[in-house]
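Sequence lines, in order, name chains A and B.
Residues in the first sequence are numbered from 1 upward in steps of one, following UniProt numbering.
Residues in the second sequence are numbered from 1 upward in steps of one, following UniProt numbering.
These are calculated hints, taken from the structure and not from any lab test.
Keep in mind the model is a prediction, meaning the values are calculated, not measured.
Just to be clear, a hint being listed does not mean it is correct.
Stated by the list, open to error - Which stretches of chain A does chain B cover? Using the computed rule of at least three CB atoms under 8 angstroms from a CB of chain B, they are: (1) 76 to 87; (2) 125 to 133; (3) 190 to 197; (4) 416 to 426.
Stated by the list, open to error - Quick look at which bits of chain A chain B covers, simulated, 3 or more residues with Cβ under 8 angstroms: (5) 13 to 25; (6) 108 to 120; (7) 304 to 312; (8) 437 to 448; (9) 460 to 469.
Unchecked claim - Once the Cα atoms are required to be at most 25 angstroms apart in a straight line, the calculated PhoX-like pairs of lysine-lysine come out as: (10) B:K155 with A:K480; (11) A:K86 with B:K253; (12) B:K155 with A:K476.
Each residue gets a CB set at the ideal place from its N, CA and C atoms; glycine is no exception.
Single-letter residue listing:
Protein chains: 2
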Amino acid sequence: MSENKKIELTQAIESQGQKVRQLKSEGAEKSVIDAQVALLLEFKKELAVLEGTDKKASKASKTSFTLKTAKGTKDYNDKDMAIREKVFNTITKVFKKHGAVTIDTPVFELKEILAGKYGEDSKLIYDLADQGGEECSLRYDLTVPFARFLAMNGKEYQNFKRYHIAKVYRRDQPAMTKGRMREFYQCDFDIAGVYDPMIPDSEILRILCEVLTDLDVGQFTVKINHRKILDGIFEVCGVPEASIRPISSAVDKLDKLPWADVKKEMVEEKGLAPECADKIGEYVKLKGGRDLLEILKKDDVLTKNASASAGIKDMELLFDYLDVFEVTEKMSFDLSLARGLDYYTGIIYEAVTEKSAPPKLADGVKPKKKTNSDELDESTVGVGSIAAGGRYDNLVGMFSGVNKKGVPNLQIPCVGVSIGVERVFSILMAKQKAEEIKSNETEVYVISVGDGLLKERMQIAKQLWDAGIKASYLFKNKPKLDKQFAVCDKEMIPFAVIIGKDELEKGQVRIKDMRSKDETQGGGVTIEQTKMIQELKSRLTLL
Amino acid sequence: MSENKKIELTQAIESQGQKVRQLKSEGAEKSVIDAQVALLLEFKKELAVLEGTDKKASKASKTSFTLKTAKGTKDYNDKDMAIREKVFNTITKVFKKHGAVTIDTPVFELKEILAGKYGEDSKLIYDLADQGGEECSLRYDLTVPFARFLAMNGKEYQNFKRYHIAKVYRRDQPAMTKGRMREFYQCDFDIAGVYDPMIPDSEILRILCEVLTDLDVGQFTVKINHRKILDGIFEVCGVPEASIRPISSAVDKLDKLPWADVKKEMVEEKGLAPECADKIGEYVKLKGGRDLLEILKKDDVLTKNASASAGIKDMELLFDYLDVFEVTEKMSFDLSLARGLDYYTGIIYEAVTEKSAPPKLADGVKPKKKTNSDELDESTVGVGSIAAGGRYDNLVGMFSGVNKKGVPNLQIPCVGVSIGVERVFSILMAKQKAEEIKSNETEVYVISVGDGLLKERMQIAKQLWDAGIKASYLFKNKPKLDKQFAVCDKEMIPFAVIIGKDELEKGQVRIKDMRSKDETQGGGVTIEQTKMIQELKSRLTLL
């Protein structure tokens, strides 16, 4: 109805407008034009009123909600959380085994704390609305708040192993099925402090191997490289200093793009001489273990470069320590690993697993080979990283402020790793069927036969709770037996204590193993009520 | 320099302004006035440029950060977190014993989900900035997101015990020392589902008592009341229907204000007849246990009221169940308990403890007595609540939308409790000295005597880790013995494995209990290295 009226009015406004324009162009008398303009304004006013009313009406009808979570976020239900807690417990156990403590920082920081830390990606930061007071933003990662914490709490925390498992926020285009969300967990372990070279670095790599082994994500490899070697390579290949970080970013794409594309980016976009790029190409295709280190040590050009030489010395020490920790075989020393973030200053690494591969290629489609190489192009076999990190010695200094000489007031070197828990979850969730996940921990269900026996069930549940046994019962006065059994099945509760009037009068209860469908002796064993706790406890320890 | 120039200019602008005004008042020629105005504008422009430059300069000099967390938020360091985890583990253990699962919802919700749920307090909601896309707000509590989750996931979760421990956000005036912060933890347990009356309600109260007992917060009392009894009282005392919630809010202040003040609010602010208020006053001073129930049952006026009568029936059932659970003695049936939130529909409760009392009164100052009563005014003895909750049967329906008949599409009754963990933390932190809190879990420190023996220490640490023992060592090539002992002390590590060149050659290590200052046998026992794990494990089980 009002829709039709609006269409009529819109048409009237259009033709009236034409009329006015025509009168004007014909040089009609002012009074004539004014009269027609007044009519036009009348139509416009009527339309505005109509639209305003509609808006109000549509607002009133919107008392029902858009029942959803915000874009890029999701609820985790009880099954998700059961897997999630298992993962967190596994990871936390390893961290604690290595002496780590945890800290917690607020979910939002002053805006200026985050400013200028993430380069281009700063546009992905969520800001809080200006409601008076300070300007704040949701944290983008856990590393910057950690550095801020260290800068603030200074001297107390110069020797510090800390982990932090918490959510971070990025206003990215979400791809929920690929685990790319706007709210997601990060799981960071960092060692802060002034120590002798490569000792904490090797422990981080040992921890990473322990975590990935314990998480049972399948075969994995840890790619390692050293920023100083990489920078040395760029220098000896003739990359101008100002171009080192951009060229490094291009190299970082080698796990997704063939060399030809990366070279093109270096030469055409970043203005590198083609012969420089070719030299780099020779280096970054190298990968191996300690053998690669021997090759680099024989490279006279490289060893004469101060940066590369320092990096090689670090790597040699690192391999010594990794040997002691028996994790060398998990490493792939890979000169094409560059890592995106600018703040790394030493060793860098990234763990990949075969389980994080994308869907199989269609029949007849072969994995693409990299141009100028007989290696597979990883973008077509698809191995994603499930953990990454490196050494960052200068970040804390960025927060501590500088003294009059321009030297940071407090400089705490750090090395850390971030486990990509969302990817780990998706690997583990894919392995398990939802209906097989027991999200509660209930051990015993208290069931009545015949009469409701509510207070008697409560009384038994109370005894079980007092004994530390996880127990539950149906919140009904007179529940049916099959309903109670159905709960046991659905919640995967292993044992039932079954009571009936007769048993209770004799001071007895029946204990039934709900996992076996054994129905001998009426489905379970009858015992004295006084022995119930003891019997259940000994059965539970066998679980 | 520029400061002086600015003062000069400001003065020049002022006197030039006067000159212009005078010329105008004297009726000077337009050209004369214009010339002086032009000069005035020139001055103003110069000042503006100067101020603009200064602003830029001051911006540039602000590259150093305001090194702090946002107002009303704080970092939790390792000691805080150790206590926090202990509290969460204690609480979670009780929840799981009662069959609960956990879910997680996003930290921000669509703005419209939160709108209209918190009355006046809606002004305290944090909004996210408009950066394009949906309008979102940080969650204000965990109850509304839970109801939203239930409405969305409907039928699957009609029988559901869930807990949720997470941070919520309120743009309140913070009082950090009193535990009132803008970011703080809530810890909620709720039972959702259609059950027989008072069965889940009694389990919630049992859980609350278990939690508070296990948390060791000292003596506590759980005040209980029933919204239906309260509403019945208001009805029989002649409170007009529209005034019931406002009058209920006034009653809720009785734990902080004397009756006279509450009566004044009822009569003067809320327009209640003084005789109505007096009748209410007679009821709300009643408290007790089951005996109070007997008194109410003999009150013919009250029992004839449908609402009160239903409430009394509920309470009778509840006391029966609480008797079975042996928690009745912890309860105080208190008709003055009203609870602020509008959405409660049945039983309501609030736990108070003597440990949350404010500082002692100064000498000679006696606790104030309530007017018209010989009871103490609690605001001067000060007992705060550390947990609260109640039944809310209609909240889920607010999200599920209504059908054509105006009936909610999905209605899931709920009853729940929220533990005030921040208050619990402050009680527990006050009991413990920071230096006595062990925030790491390290069990063994690997120490070298004489030479650095770095790789040997690493080798032993690796053996310990492989055996599941939490171990650490100093990240130095040649650490001094006293430095290593100092770490043991500071981190409260109970055992040390001490190695020296001689011991290693003989295949031996020394194990030292770092808690005893026993220095016999050179401070520890020397054993074969092959027996190290076994020896440590048996010592650790005795811890």
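Okay, the hints, checked on the actual structure:
With a cut-off of 8 angstroms between beta carbons, the stretch 76 to 87 of chain A has 8 residues touching chain B; three or more are needed, and the interface restraint holds. With 7 residues bearing a CB less than 8 angstroms from a CB of chain B, the stretch 125 to 133 of chain A meets the requirement of three and the coverage assertion stands. Coverage of the stretch 190 to 197 of chain A by chain B holds. Counting CB-CB distances below 8 angstroms, 4 residues qualify, and the rule asks for three or more. Counting residues of the stretch 416 to 426 of chain A whose C-beta sits closer than 8 angstroms to any C-beta of chain B gives 0, which falls short of three, so the coverage hint is violated.
Three residues within the 8 angstroms Cβ limit are the bar, and the stretch 13 to 25 of chain A against chain B gives 0, so the coverage statement is violated. By the rule of at least three residues with a Cβ nearer than 8 angstroms to a Cβ of chain B, the coverage given for the stretch 108 to 120 of chain A holds, with 5 such residues. Residue count for the stretch 304 to 312 of chain A with a Cβ under 8 angstroms from a Cβ of chain B: 0. That is fewer than the three needed, and the coverage hint is violated. By the rule of at least three residues with a Cβ nearer than 8 angstroms to a Cβ of chain B, the coverage given for the stretch 437 to 448 of chain A holds, with 4 such residues.
Given a C-beta distance limit of less than 8 angstroms, the hint that chain B covers the stretch 460 to 469 of chain A holds, as 4 residues qualify and 3 suffice. For the hint linking K155 (chain B) to K480 (chain A), the alpha-carbon distance of about 21 angstroms falls within 25 angstroms, and the restraint holds. Restraint check for K86 (chain A) and K253 (chain B): the C-alpha separation of about 44 angstroms exceeds 25 angstroms, so the hint is violated. Among the hinted pairs, K155 (chain B) with K476 (chain A) is consistent with the structure: their alpha-carbon atoms are about 19 angstroms apart, no more than 25 angstroms.
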